[in-house]
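Following the hints, complete the assembly by docking chain B onto the known chain A.
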Amino acid sequence: MEPGFTLAQAVAEASRCLLCHDAPCSTGCPANTAPDVFIRKLRFRNLQGAARAIKERNALGGVCAVVCPTDGLCEMRCVASGIGEPIRIGKIQRFLVEWAWDTHVRPLRAAKPNGRKVAIVGAGPAGLTCAAQLAKGGVHAVVFDKRPEPGGMLVFALPEHRLSRAFVRREIEDIRSLGVEFRCSSPVRGEDDLKRLFEEGFRAVYLATGTWRSARLDLPSHGSPDVIEALAWLEQLKREQQGSRARVRDRTVIVVGGGDTAIDAAVCAKRAGAREVSLLYRRSFLEMPASRKEILSALDEGIHLLLLTQPIEYVVRDGVLEAVRVVRTTLQPADDGDRSRPVPLQGTEHTIPADVVIEAPGLLPADDVAKFSEVALDHNQRIIVRDASGATSRLHVFAGGDAVRGASIVAKAVGDGQRAARAILDQLAAEGRQP
Amino acid sequence: MTTTKNLGISFCGIEFENPVMLSSSPVSNTAEMVSRAFEAGFGGVVYKSIGSDDVKIVHPSPRMASYDQGPHKLVGLQNVEQTSDRPIRDNFEDLRYLKRTWPTKVVVSSIMGFSKSEWRTLALASEDAGVDMLELNFSCPHMTVEGAGMKVSHAHALVGEFTNIVRNAVKIPILAKLTPNITDITEPAMHAKNGGADGISTINTVAALSGVGLEDHVPLLNVYGKGAMSGYSGPAVKPIGLRCIAQLGLHRELGLPLSGIGGIETWVDVLEYMLCGASTVQITTGVIHYGYRIVEDILEGLSYYAEARGLGSLSEIVGSALPNIVPTDRFDLSRQGVACYDLERCVGCGQCYIVCHDAGGQCLRWDGHARRPVVDEHKCLSCMVCSFVCPISAPPLITYKEAPNKPPVIPPVSV
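Residue numbers (the working numbering), protein chains in the order written: chain A, 15 to 449; chain B, 46 to 460.
Any given hint could turn out to be false.
[What the hints assert, rightly or not] Computed list of lysine to aspartate or glutamate pairs in DMTMM-like fashion (alpha-carbon distance at most 20 Å, straight line): (1) B/118 with A/27; (2) A/55 with B/113; (3) A/160 with A/99.
[Said to hold, decoys possible] Pairwise CB distance ranges (calculated): (4) B/438 with A/254: 51 to 61 Å; (5) B/412 with A/98: 20 to 30 Å; (6) B/342 with A/310: 35 to 45 Å; (7) A/98 with B/342: 23 to 33 Å; (8) A/179 with B/437: 40 to 50 Å; (9) B/113 with A/400: 32 to 42 Å; (10) A/98 with B/404: 24 to 34 Å; (11) B/388 with A/395: 45 to 55 Å; (12) A/358 with B/117: 53 to 63 Å.
[Unchecked claim] In silico contact screen, one side only, chain A against chain B (beta carbon under 8 Å); selected entries: (13) 25; (14) 26; (15) 32; (16) 34; (17) 35; (18) 36; (19) 41; (20) 90; (21) 93; (22) 96; (23) 97.
If you're looking for bench data, these hints aren't it; they were derived computationally from the structure. Even for Gly, the Cβ is constructed at its ideal location relative to N, Cα and C.
Isolated chain A (complex conformation) (with noise of 0.2 Å):
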């Protein structure tokens, strides 16, 4: 991860700001960060007030001030635009959290338990939100996750130099002194293992299970080991697995895709020693969802950007791929007002040598959601949710994060924890009530 700031820093940023009248920084934050709150408080030198009021707010507050895509939101619309550089307003909330750390300032206090409990499927930000939330609530959350430890991609597939496995934990920690509860490699897969949590006595469970699937491009790769799937690599690399650095090594890589995870697949690719790293995109720049930060540290890393480029097919020969054919696009308006559509032109057809292909066109549910046989999905396999707080079909059974969204970033999946919370606490408050 790059260093963080210094105290000294910090206050020389904050003193920058321009402590705005309800202050435009503050207002959009998908996980309902206020920054002039922190910022203030920080610049009058009440440093724990700052830390609290980042954490009260958003219990993921460290890590989305590491990997937000900031200046496109809370900085983007920062007023010291107007007359220089924006704050550095990720910088400056990751300084806060981490000083608490450090100074072992617990920011959140456990409330008192109600008695009651709620499970949450999924220790991704969308559950480990949603599961502070709750216990700040007084409600016993209990959270159920199929790997060996919480964290979801934050742990398990963002690569170490954005987001470090120990800065997450140490988040985590703050979490768990709620009172939350973790209960890892324990997968909740299907219709009986939701109807054994109620019978258990859990009031509400909520899904977040997120977005565990590469989607693949619809090329055979004729069995070649050399055409890969970025996720599952990115986990491999996460945990140092045998070989998953050996797989790019001096070899000429290509990725495919124009996301975050496609970013993440070039840059670690670049850095695990690969000769040469390009990406492949068939739209342009404007058009890529990775994050403008992302994209262009990537390319200081001297990764290369092929856009309105489109793969076509593999060239393997012997079971060994050689080269990836492509085509060059031009783009149309879509007919929705969605994303220009990309367009082959004809006759613009040329081969790229390639050793790897790295496939990273996107994200898809994890399979576990299909088996909720009650839960209503959409034909992307996502849940469908009757509103903002992320109710399902079923009744007691609320959803959010990736599961719900598909693939997006981890301030989104805070606040859809942060919703589904307030409506399971109201639930079971109004549910108290009956006689």
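Coordinates of chain B only, in the frame set by chain A:
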């Protein structure tokens, strides 16, 4: 930068190549240091105060503390610096060396006696070392001995008495350095004049406490568990220095040349002191913060100013601001104004709205949709607090404008 020839000024009969001196402090502690300051461009030095060898000087450790404001370091500086801790012989040897090596620079010896005979001896020894002038230290704020340092300025008669002893001992010009820690600085100044002083230097540091430890409850600067009220300097005290120089400059009977001290870092600061009546200035904290090199931009800035104003000599502007310094009852209250907003350049932070609402006349409304203030000029107090917090300066977005025939704005009854 070579065009400093028009910066010369005459002060107490001594010709200075420029009006900028080191003041008596750690920055003028040895001839080696002062030589480097001269090389950098300082026109003179008031050498570190010399006392008699009879009093053994040991400096507390630490001896200074910085007063910071957010990320701004050394807005103020507290010190418990004593007189020179070097043997008196070494100091006079250094003074002799300085005058011999730098004949065009002005060397002033600062002395501090604890008895009449000490004042006389130190003055004679200084003159014998060949210095151009004397500065009598009547102003160190952290002295404990009665009749010494700042306590001399407090006992007005002693100022006259000690000055007179020195006057009768030496022929070179004498400056009395006075403290701002006093009700009326002109009183000891008149005693100095009557005792035979040729000029006044001020201010010495302001007695202060620059902070208190929240854990150990020990004030700064913390010398092994104890603090003391002692001298405070730097940009934070410049307004006090300007006030004291102006008081002396305005006094009807004083009429002595002045050397201005307190928070000087730039040519602008120097000019402000000169406009209030100082012919020369002295600097320490600016050097403690930035080194001797600050003099380069001071001299260059003064030269450009003199050139732009067509000044033959800086002496033409000494005291030029004094006729404009009046008691508050001489203000023209028939004229009122308003704060004018150039909203084309507004970035929409709303700080003007906050301070007008909480500290001004509540004449602003906040248009949250447009993110701009809406001004009701009829309610504007023209207090200008909005302009103090507006981040758009150079040129300022909010400016003062006279509003002819506008009556003074009085807030109505609240309920």
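- Message: Going through the numbered hints above, which ones does this structure break? Give me the numbers in ascending order.
- Response: Numbers 3, 9, 19 and 20, in rising order.
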